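S.K.: Spelled out from the first residue to the last, the chains are:
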Amino acid sequence: GNSVTQMEGPVTLSEEAFLTINCTYTATGYPSLFWYVQYPGEGLQLLLKATKADDKGSNKGFEATYRKETTSFHLEKGSVQVSDSAVYFCARSGAGSYQLTFGKGTKLSVIP
Amino acid sequence: DAGVTQSPTHLIKTRGQHVTLRCSPISGHKSVSWYQQVLGQGPQFIFQYYEKEERGRGNFPDRFSARQFPNYSSELNVNALLLGDSALYLCASSFGLAGSQETQYFGPGTRLLVL
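Protein sequence lines correspond, in order, to chains C and W.
114 is the number that this note's numbering gives to position 83 of the first sequence; each next residue is one higher, with no gaps.
244 is the number that this note's numbering gives to position 46 of the second sequence; each next residue is one higher, with no gaps.
Because the hints were derived from the structure by calculation, they are not lab data.
Because the structure is a prediction, the values reported are computed rather than measured.
For every residue, glycine included, the Cβ atom is placed at its ideal position computed from N, Cα and C.
Incorrect hints may have been included.
Some but not every residue of chain W turned toward chain C, in silico, with C-beta under 10 Å [as the list claims (entries may be wrong)]: (1) 233; (2) 280; (3) 289; (4) 294; (5) 305.
Next up, chain C with everything else stripped away, as it sits in the complex:
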């Protein structure tokens, strides 16, 4: 079946540090890939998406590239801020369906 594996947290970084959160997915079908962010006490917000191989999604300084050869969609940001502290979820769509399969989430804490 479909699955998503993302790096275990929590991750603690100093402000302006470089961020990478690893995500790999099962290679069944031609999924779209997503990163969602969840701030404390809130629902999920779409951060970025990519719908086909080699696409790069980007938003608010975050980037992720759809790598079919390594079945990966790693999230990166060059300089994190305290306001980026949240839980980040990697997700893939089903083959031809709307169903999203999520990773377990990675909690990021950025300290001043």
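With chain C's structure known, arrange chain W on it following the hints.
M.R.: Using the frame of chain C, we list chain W on its own:
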């Protein structure tokens, strides 16, 4: 424009009771999906509805049911509540036309506690 709205925001029930959660999608969206997020985990897919028809069902028992109304709002019903049903229930909406490339927009969730 209003985003996805859900009600109630919080709910406390006891084992064996029934609960109904409600969701209103973004205006113009015809697809609604429901997810369960247990504390510390990623959301798990429960149902997807498009144009009032069930289009997908996750691995949840028959105690879970849902429906979509002509105005595209949706209800999730859970019967015979168990302690393990305690979770954040998320509703997501999308236009419903682009299949796996669709972006789903999530509401703030309903936090259910079963005692």
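S.K.: Each of the hints needs a verdict: does it hold here or not?
M.R.: So, going through the hints one by one against the coordinates:
A least Cβ separation of about 8 Å between residue 233(W) and chain C falls short of the 10 Å threshold, and the interface hint therefore holds. With its C-beta approaching chain C no nearer than about 22 Å, residue 280(W) sits outside the 10 Å limit, and its interface hint is violated. For the restraint placing residue 289(W) at the interface with chain C, the shortest Cβ-Cβ distance is roughly 9 Å, inside the 10 Å limit, so the hint holds. Interface restraint check for residue 294(W): the shortest CB-CB distance to chain C comes to about 8 Å, inside 10 Å, so the restraint holds.
Checking residue 305(W) against chain C: minimum C-beta separation of about 5 Å stays under 10 Å; hint holds.
The earlier numbered hint that this structure contradicts is number 2, and it is the only one.
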